[in-house]
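J.: Mind docking chain G on chain L? Use the hints.
Protein chains: 2
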Amino acid sequence: MESIMIYVPAILAVVGLLFMVIKRSWVLKQDPGDGKMKEISEYIYEGALAFLKAEYKLLTLFVIGASIALAAITFLPGATTHLSIVIAFVFGAVFSALAGNMGMKIATKTNVRTTQAARTSLPQALKVSFGGGTVMGLGVAGLAVLGLTAFFIFFFHFFMNGQWVEGLYNGETRTANELMTILLETLAGFSLGAESIALFARVGGGIYTKAADVGADLVGKVEAGIPEDDPRNPATIADNVGDNVGDVAGMGADLFGSYVATVLAAMVLGNYVIKDMGGSIADAFGGIGPILLPMAIAGVGIIISIIGTMLVKISNNDAKEAQVQGALNVGNWVSIGLTAVACYVLVTWMLPATMKMKFYGEGYMDISSMRVFYATLVGLFVGAVISSVTEYYTGLGKKPILAIVQKSSTGAGTNIIAGLATGMISTFPTVLLFASAIWASYAFAGFYGVALAASAMMATTAMQLAIDAFGPISDNAGGIAEMSELPKEVRQRTDILDSVGNTTAATGKGFAIASAALTSLALFAAYVTFTGIDGINIFKAPVLAMLFVGGMIPVVFSALAMNSVGKAAMDMVYEVRRQFREIPGIMEGTGKPEYAKCVDISTKAALREMMLPGILTIGFPIAIVLLGKLVYPENNQLIAEMLGGYMAGVTVSGVLWAVFQNNAGGAWDNAKKSFEAGVMINGEMTYKGSDAHKAAVTGDTVGDPFKDTSGPSMNILIKLTCLIGLVIAPILGGHDAKAVVQEVEAVEVVVEAPAPEVKQSTKEIRIESVKSADGKVKATVTTVTDSAESVEVFEGTEAEVNAKLEAFKKK
Amino acid sequence: MESIMIYVPAILAVVGLLFMVIKRSWVLKQDPGDGKMKEISEYIYEGALAFLKAEYKLLTLFVIGASIALAAITFLPGATTHLSIVIAFVFGAVFSALAGNMGMKIATKTNVRTTQAARTSLPQALKVSFGGGTVMGLGVAGLAVLGLTAFFIFFFHFFMNGQWVEGLYNGETRTANELMTILLETLAGFSLGAESIALFARVGGGIYTKAADVGADLVGKVEAGIPEDDPRNPATIADNVGDNVGDVAGMGADLFGSYVATVLAAMVLGNYVIKDMGGSIADAFGGIGPILLPMAIAGVGIIISIIGTMLVKISNNDAKEAQVQGALNVGNWVSIGLTAVACYVLVTWMLPATMKMKFYGEGYMDISSMRVFYATLVGLFVGAVISSVTEYYTGLGKKPILAIVQKSSTGAGTNIIAGLATGMISTFPTVLLFASAIWASYAFAGFYGVALAASAMMATTAMQLAIDAFGPISDNAGGIAEMSELPKEVRQRTDILDSVGNTTAATGKGFAIASAALTSLALFAAYVTFTGIDGINIFKAPVLAMLFVGGMIPVVFSALAMNSVGKAAMDMVYEVRRQFREIPGIMEGTGKPEYAKCVDISTKAALREMMLPGILTIGFPIAIVLLGKLVYPENNQLIAEMLGGYMAGVTVSGVLWAVFQNNAGGAWDNAKKSFEAGVMINGEMTYKGSDAHKAAVTGDTVGDPFKDTSGPSMNILIKLTCLIGLVIAPILGGHDAKAVVQEVEAVEVVVEAPAPEVKQSTKEIRIESVKSADGKVKATVTTVTDSAESVEVFEGTEAEVNAKLEAFKKK
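So the sequence lines, in the order shown, correspond to chains L and G.
Throughout the first sequence, residue numbering follows this note's numbering, covering 102 to 912 in sequence.
Throughout the second sequence, residue numbering follows this note's numbering, covering 102 to 912 in sequence.
I should point out that these hints are in silico values taken from the structure, not numbers from a laboratory.
All values derive from a computational prediction rather than experimental measurement.
Heads up, a few of these hints could be off.
A pair holds if it fits inside one copy or across any two, identical chains being indistinguishable in the list.
[Stated by the list, open to error] In the BS3-like style, the derived pairs of lysine-lysine whose C-alpha atoms are separated by at most 30 Å in a straight line are:
{"id": "1", "residue 1": "137", "residue 2": "730"}
{"id": "2", "residue 1": "795", "residue 2": "668"}
{"id": "3", "residue 1": "322", "residue 2": "730"}
{"id": "4", "residue 1": "137", "residue 2": "698"}
{"id": "5", "residue 1": "730", "residue 2": "457"}
{"id": "6", "residue 1": "158", "residue 2": "139"}
{"id": "7", "residue 1": "499", "residue 2": "668"}
{"id": "8", "residue 1": "421", "residue 2": "789"}
{"id": "9", "residue 1": "705", "residue 2": "500"}
{"id": "10", "residue 1": "698", "residue 2": "322"}
{"id": "11", "residue 1": "905", "residue 2": "730"}
{"id": "12", "residue 1": "795", "residue 2": "210"}
{"id": "13", "residue 1": "499", "residue 2": "774"}
{"id": "14", "residue 1": "774", "residue 2": "668"}
{"id": "15", "residue 1": "500", "residue 2": "668"}
The following block holds chain L by itself, in its conformation from the complex (with noise of 0.2 Å):
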């Protein structure tokens, strides 16, 4: 019977969405300005839209190329996948595209509108700036989870008829697990779509902003020596447009793939716990509760983030950063609270009170829900904490900081080697936090457990957006402050803002990061289940030498791209130049600056240097694929393994790259920052334009593309990869039945014998299973002890079977 919640998420995304409208409507209503607000607005408007326009036509011919390939992989011999995986895979790039789009467009026209407010008090100012963050943020996750569950309901009808119960595919009866694996698999396209345009969004987005921001300082502020965002700069729509296209665009792109990974892996683990459990269980929602659930906190998570919007105020005009910075963090730890409440509530009223799960290693334990609870509460808690962990190693004013600053006093190279430094034992907490959410959501309910715990974590995905896109908002109203000459108080109360944005910056990274790597790892658990293999043994050669593979993609990505800011602002600086040099008054004030030109230049090296670090991210799981049939054409579980021994490589590597890039990059920032307001050296106040504070500048020149181009793409292309894993798996996969009636196969049981007593020690247990061509196992148990012998035969499907040796096993 079909149940009612399987709406419900869906229902809740259309309500997220419509109130993005109201809001949306309410911030365009908001007074624009007067002429020259309104001419600059419109520039980084134009710029902002030309990059998307250019974007999305190399991105269409991508979105055609993998289309075909995908369709392909759906006639491979042994491909379970639907053709159907193609429809999906357009919609994921093409909402995910949207979302970016309609991020980008309502930054673009607030930014001006907060520039504005900021003219009559800062308590409005944030209004409108947080507004603006608020549509982008309920955007990308109303977009996402629409997107998600109408998918979900639309195949759940077209593979299943809407019932948990056996059923017809490709002319084969197929259980119920069979097909809902089947369908999550043809979901997987929604997600990999979303993916893929997020790829070229943080990528394309990070060395756009990156180069118009490298080019326009280069030549603006140190070789015309005017200051920043000066109109005459031909540059500077460019750089502001990079704030939009990098930091609103590439991170809203980053967690739309994330949030969609996210809840799809916790679908397929919730599967999995269904195939545990005997293959089908009695709940009120149709048999599906532990697959609706990470639909469901996801919906409910869209209404929550609303609530905590709307928290997101202040009353003061002289309120100072550690307000406004209180006003945010009151949204954000009530929307966290929240999440634990509907956690709780939904946890307990969707899931069966006791599940059974397997354990490699350990057998099946019966899980309760309860647990699955504690799981999610160690996602909001990584989700909580990692922001502070961030802020300690980037924030003003703390000792990591306060020892760059110091160490900038004998020069660049030692400003730089602290910086290094920093960034590098950053890692340290964040992998221990990492690493004990995984071992602790896992101890609780499992890789369901993981998979929920990021699930939970993303919930409130649309409040961490709003939070994450005011700042660059802010950054641009002070910018557009700057350009139009307007009163020094305004362009006070934007800094107050885009200060505090500075501070959410780093945070929202640290966010991102975590997401990305709880979500990679649900997406490898779910790799494992759909290729069917029992586990990932790098203890086979070739699966510990693509684990080595694995784990230097990430450095090496990070260098194409870092290399490509270099490139691209390169170009930017030329172009510049000749504009300064040709174009009579510029520097006057009399002849006009050709923005477009800057604008272009950005976007085509954008674009044209995206494609390398794109190519690599894509192409090497498919070479290992095609390498390994090369190598073991009959081993598809060894390269199963491999291709999974790829994925641990590259999210444990590209983690940590994540974490140690972000973190120098922030920490090089607000070093360089700490001496505006003036820093004690040895004993002396210094500021700016000492030689200590040129050092830092060159420490935050190597630190720009760090934080902005390739230490956010981390998260990309960690999560890409495991999803291209994910594609792949079901033309490697075990699970499906037709290869179950071709390979009749002895089955493994393992069962720990108890413990004997040592007078025992002549007692033996034999177990003899025989699994037959319809997949019923019969296992039958002999214990011999000194005195007597019993026989016990137990039969049923696999997970029966193993399910009652672990009962006999206890007793």
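T.: Chain G only, in chain L's frame:
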């Protein structure tokens, strides 16, 4: 029957040591020059001895503490390791220290003799400096092989009465295989002792040399404006001592440790080959040919290295770098070629023509001895190619260096980004090379093949070290020439040697990484056999969590080492400044600097700062086991897998960070050096003193701790981690016969059923397997087809039965 071959490697080692003594007395007989030269050389010698003395004092405490801990381990319940592991450990530490001591003494005696020889001719200078290097190389290799083989001979008689037969241990009857395992577990103590000393020598030495170097440069060159190696600089002696402490003693201890560990791991895996073949083989080597083979290769390698060193000479006094490099290459390539021939002879002579080896997931396979030979070729190939790869990314005039030089024109920031990116990209070919080598040598001959690949590569250790040590000796010789104000042509001659030495230093680092990587993999494989687990499944979340933690350790270790250099260098800066301020006439050359004070500061700082990285390295594996025992008191298998996951994480990440840091550091160094001859930037010749050069100097400052401290330390970190795992392994082990008696368990016998025709889909294969208390296994295989039923019974040890089942499967 005992074979004479057991004594041959030890005899060859003694031959090597005798040759070393002769060479040593020849070097010492060379003219040490006159007054000032002798005095300076004496200072360096004293400084080096002072460091060694202080270091040994600390190490004595460490060895005592570690011995107690090791002794305690042997008393743990379930541990099979014999108490004599403590003796092996102490001797390993003493031999390693002895080798380092000897190497450093000869290096500090050879430097001044090289200077003196350079007054007559370049060929003579090369002869002397390379003679010193040869003494160092043969001393290290000779002591390593002698120590390991002597202990093996002793233990073979002590544990097994010099025979491959079963025997009593701790009152239990053990098979010969088990006794050999216990023997090798105990022998691992020797390797652990050697590697522990290497940790302190490498890390301490690395900190020492860079603290002195950076301190001397910052105050001397930058603040006081006096040239490098100026005798008025109080830190200049410490700087020259540092070259010996870091590059000679550190590298020597590193390769000593690799050499011993590689041979040990290959022996462990050789024992496993015998086990896979049913527990005994009949050969002309007392049934232990596969175990003796790695020792034989090591022994013959010493003789080959002697031949190789004899070929290194030039005759032309006007020779340039290319000719000197060519002479070294001749020696190196001939050694590698001879080693290939020796491997062919030894492998085909000492191994059974065909061996059975178990491949996890693929079952037993017949491996011919020729395949083992191919595996050794893989090792030799890696050793040769890794140098070229390193040379490409760090060599003067190569593309990556030229790119960094170009980027220097836009400032230190772009120089540093380019250097970082170069180091990062260099992981691409390096990791692909390693991964292919692992895969290929494993495909040829399993993990025994991997270990023998490493053994073959390490066979020419003496030659590699000779090439390596000659660099810092020449560097020192140049320093002495400068400080003694000798004629210009002397310095020119030593500069040629020094320049070649810089190249060999970079390629030597490549060799050291490759050796560490392969050694660690061999140890990793040995670990799995010691613990008796059948793999490391990263799909178990606790194992995956430890993979993450392991991956993080090298990053944090590197950061600690880098910070240590910073702190120690600041101590040095303050001391040099103090002396310049307080000692009258120091700048005029009338006052005498207090060299000893600077030596003392470097010494103290190095010893103090190496504590934390040391604790991190040694403490974490122990902490993981303790944590595992706490959470899973009954599941040693899982704890062993967790520790294995940690080891894999450390190895993968450690290799990446070693390659990244060494190559980035080498690249920056040579980018800076490029300015000495002048470089073309944007069409203009640019020299020393230009802004671009200053930017390159900043890059080199960052690179110094990368390439001389944290980068090379990675080798020790990964090897020591795997060795500690190996020593802990027996506690977690399942190979213990006693444990078998206590746990009567169902044996998993994995058999892939032959794929039946589609029509035979009703065929059933039933396997019933029983393991009894005495370790014997009885397997009954019932085959039921549509028409008939047949039964076959196999009995014997687990390995035998598996082999028979494999054979059955083939039918």
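J.: For every hint, state whether the structure bears it out.
T.: Hints, one by one, checked against the model:
no.	hint	in the structure
1	137 to 730	neither (62 Å within a copy, 69 Å between copies)
2	795 to 668	both (23 Å within a copy, 22 Å between copies)
3	322 to 730	neither (55 Å within a copy, 60 Å between copies)
4	137 to 698	within (20 Å within a copy, 67 Å between copies)
5	730 to 457	between (35 Å within a copy, 25 Å between copies)
6	158 to 139	within (28 Å within a copy, 74 Å between copies)
7	499 to 668	between (34 Å within a copy, 20 Å between copies)
8	421 to 789	within (22 Å within a copy, 50 Å between copies)
9	705 to 500	between (41 Å within a copy, 26 Å between copies)
10	698 to 322	within (19 Å within a copy, 47 Å between copies)
11	905 to 730	between (37 Å within a copy, 28 Å between copies)
12	795 to 210	neither (35 Å within a copy, 45 Å between copies)
13	499 to 774	within (13 Å within a copy, 38 Å between copies)
14	774 to 668	both (26 Å within a copy, 24 Å between copies)
15	500 to 668	between (35 Å within a copy, 16 Å between copies)
Hints 1, 3 and 12, counting from the list given before, are not met by this structure.
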